[in-house]
Every structure is written in structure tokens, then in C-alpha cells.
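Asker: Put together the whole structure using the sequences plus the hints.
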Amino acid sequence: MNTPLISVIMPVYNAYETLTTAVASVINQSLQDWELILVDDGSTDRSLQLALSLASEDERIRVIAQENRGVSEARNLGAEMSRGALLAFLDADDAWRVNKLVIHHQLHQAKPSLDASFARIAFRETITAKTGDIKTFSSVPAGPIQIGQIIADNPVCTTSNLVVTRKAFLRNGGFEKGMNYAEDQEWLARLVASGGVIEGIAETLTDYRMSDDGLSADLEKMLAGWRMLAARYACHINVRQAEATYFRYLSRRALRTGGPASKAVQYAAQGFTLSPRGFMSDPRRGSLTLAGALAGMAMPARVRTRVFA
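Everything in the sequence shown is counted per this note's numbering, starting at 2 for the first residue and increasing by one.
Treat the hints with caution; some may be incorrect.
Stated by the list, open to error - Distance condition first, Cα-Cα at most 27 Å in a straight line; then the derived DSS-like pairs of lysine-lysine:
(1) 264 / 168
(2) 168 / 178
(3) 222 / 264
(4) 222 / 136
Unchecked claim - Across the chosen pairs, the derived CB separations fall in these ranges:
(5) 222 / 283: 21 to 27 Å
(6) 298 / 3: 57 to 63 Å
(7) 142 / 17: 32 to 38 Å
(8) 298 / 69: 36 to 42 Å
(9) 278 / 57: 52 to 58 Å
(10) 283 / 81: 37 to 43 Å
(11) 219 / 299: 24 to 30 Å
(12) 100 / 241: 36 to 42 Å
(13) 232 / 198: 42 to 48 Å
Hints are computed from structural coordinates only; laboratory data are not their basis.
Beta carbons are placed, not taken as given, at the ideal position from N, Cα and C, and that holds for glycine.
Answerer: Structure follows, in C-alpha cells:
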């Protein structure tokens, strides 16, 4: 069996509705020298059966099943079983543009000292629709990203956006076991703290499905996980400014997920009070978040999710 250029690692947990689309986005890549490892993390729906069916149609797809241990251990198991010189992570409810892998591969070929790379993300209501549902895009800062950027705003945004060399992954170690909030930020911060280099690509290559359920909707647990992470790297960052920036993110998230409008106001007020400089580190985003939080008080939850998505 030939060694693929890139190993794609996809954790799967109760993803029956989105798995086919996510896998199709790998199969349709312009770079075809890949393997896809689907790691079922104890799904209770028909995800495992679907994964096995998809694997039967393409010899480059392998399926591994484990008891439910969380997304970090699922990714680590996939990485352990992989063979490519580059590892690319994709969640089962997201998708890639057709040139995702070839562009990352070209960048790492041109910059052999680069440890990891990411690109711009399109945030969508669903990854099954082809047009019309893109709500916003992530930003890609120029040059290597620093720990402060990872902790405060995390320009990588999601593990579905991350490509890393096998050498760097083995050197840095896997995702922290049992950590289901901010586990991607922790891994990135650990890599940069040890001298690793991460750079972005100013092209939209990943479609991220926004959801009002799952881990990303549990804002208080996200905040608790973030604070644990920030405490580890307090010597590298201005914690007050970074936390204010994170409160800005939580306020926007509260608006998008249709939670109580008072939560969005609370997070915005906490962030601005803690550090106006941190909250307004992006003046446009800070101003719009403050205005949106206040305006959201007058809107029904269903309207807020549409307006602020």
C-alpha cells in the first residue's frame, strides 16, 4: 500500500445527517493522494454503519470505532493510525472547498520549516446548500500567529481548518485527553510555545456549519475551559485584554445561537468593563457587538439568530 501525501482525520459522533457531505468534500479534492480515517466515537445513531458503507466504496477510506471518549481522543487515535506526511483534520459536520488540500500541500512544500497552516473559513447555516447561506468569513492575519492571537481570538477558529506536519504533531503530542472545550486552542498554543510556526492562507477553503446545539452552544462551559487555558499561558499574554476579547466572542455567539438576549449584553458589558482596549482591539467588531447586544434585547430569539448569524 502506497503512503499517501496527506492523511485526513475525521472524528464522527452522531453525525449521520452531515457525514456524507463531509466525506464527499474529501473525495472531490483536486489533490487525490490522500487517505481518510473516520473515527467513530461511540455513535448511538447510524453514523458507524454509514461510515462503513462509504468506506466500502473507496479503498482510501478507513473506519476505526472506539467507545465514546471525546473528540480529542478520537483525533489522536486517527493520527496514530495515519501514514501521511501531512495531517489534515475535518469534523463530520463541516466541509472543504475542492482545492483545500492542494493549496496547503503547495504551501508546506514551499516552506519546509512550516509546522502547521490554516485558511479562511466561510461560516454557513448548513454545508449542504451550495450558495446563499454564507453569513460571514474568518480573518487571516499576516505572518506567523502568536500565542496571544491564539488565546484571545484564535484565527484558526476550528480544527477543520488545520493542516499540520506529522513531524510537528509527533513532537507536540496529541490533543489533551478529556478536554472538549478549547482543546484546539490548547494544542495550537502548545505548539507555538515550543517554537512551532503556524501561518495562514488568505483563501476561503473551509465551510464551517454554525449550530445552536453541541459544544459550541454551551457558553459558560466554553468560558470555563478558556480560563483554564489562559491561566496556563498567563506569562505569555495580557490576560485581561485576552479575556475581554473572548467575552466579545461570547456575546456574538449568544446572539447567533438564540440564547437569552441578556446573556449577550452581560458578556459584552463584562468584556468592555474588564478591558476596553481588549474588547475594542478590532474597533469595527467591538462596536458592532455592543450595538448588536443592545439591539438584540428588542428582538425575539428567532429573529436574533437570523439577524446576527
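Asker: Run every hint past the structure and note whether it holds.
Answerer: Status of each hint after checking the structure:
1. With a C-alpha separation of about 43 Å, the suggested pairing of residue 264 with residue 168 is violated against the 27 Å cut-off.
2. The straight-line distance between the Cα atoms of residue 168 and residue 178 is roughly 20 Å, inside the 27 Å bound, and the hint therefore holds.
3. Note on residue 222 and residue 264: the hinted pairing holds, with a Cα-Cα distance of about 14 Å set against a maximum of 27 Å.
4. For the hint linking residue 222 to residue 136, the alpha-carbon distance of about 25 Å falls within 27 Å, and the restraint holds.
5. Residue 222 and residue 283 have their C-beta atoms about 25 Å apart, which keeps the hinted 21 to 27 Å range intact.
6. Under the hint 57 to 63 Å, the C-beta atoms of residue 298 and residue 3, about 59 Å apart, fit the expected range.
7. For the pair residue 142 and residue 17, the beta carbons lie near 36 Å from each other, so the given range of 32 to 38 Å is met.
8. Against the hinted window of 36 to 42 Å, the Cβ-Cβ separation of residue 298 and residue 69 comes to about 39 Å, which satisfies the hint.
9. Under the hint 52 to 58 Å, the C-beta atoms of residue 278 and residue 57, about 56 Å apart, fit the expected range.
10. As the Cβ distance of residue 283 to residue 81 is approximately 38 Å, the hint placing it in 37 to 43 Å holds.
11. As the Cβ distance of residue 219 to residue 299 is approximately 26 Å, the hint placing it in 24 to 30 Å holds.
12. For the hinted restraint 36 to 42 Å between residue 100 and residue 241, the CB-CB distance of approximately 40 Å keeps it satisfied.
13. Look at residue 232 against residue 198: about 25 Å separates their beta carbons, and that is not inside 42 to 48 Å.
Checked against the numbered hints listed earlier, the structure breaks hints 1 and 13; every other hint is satisfied.
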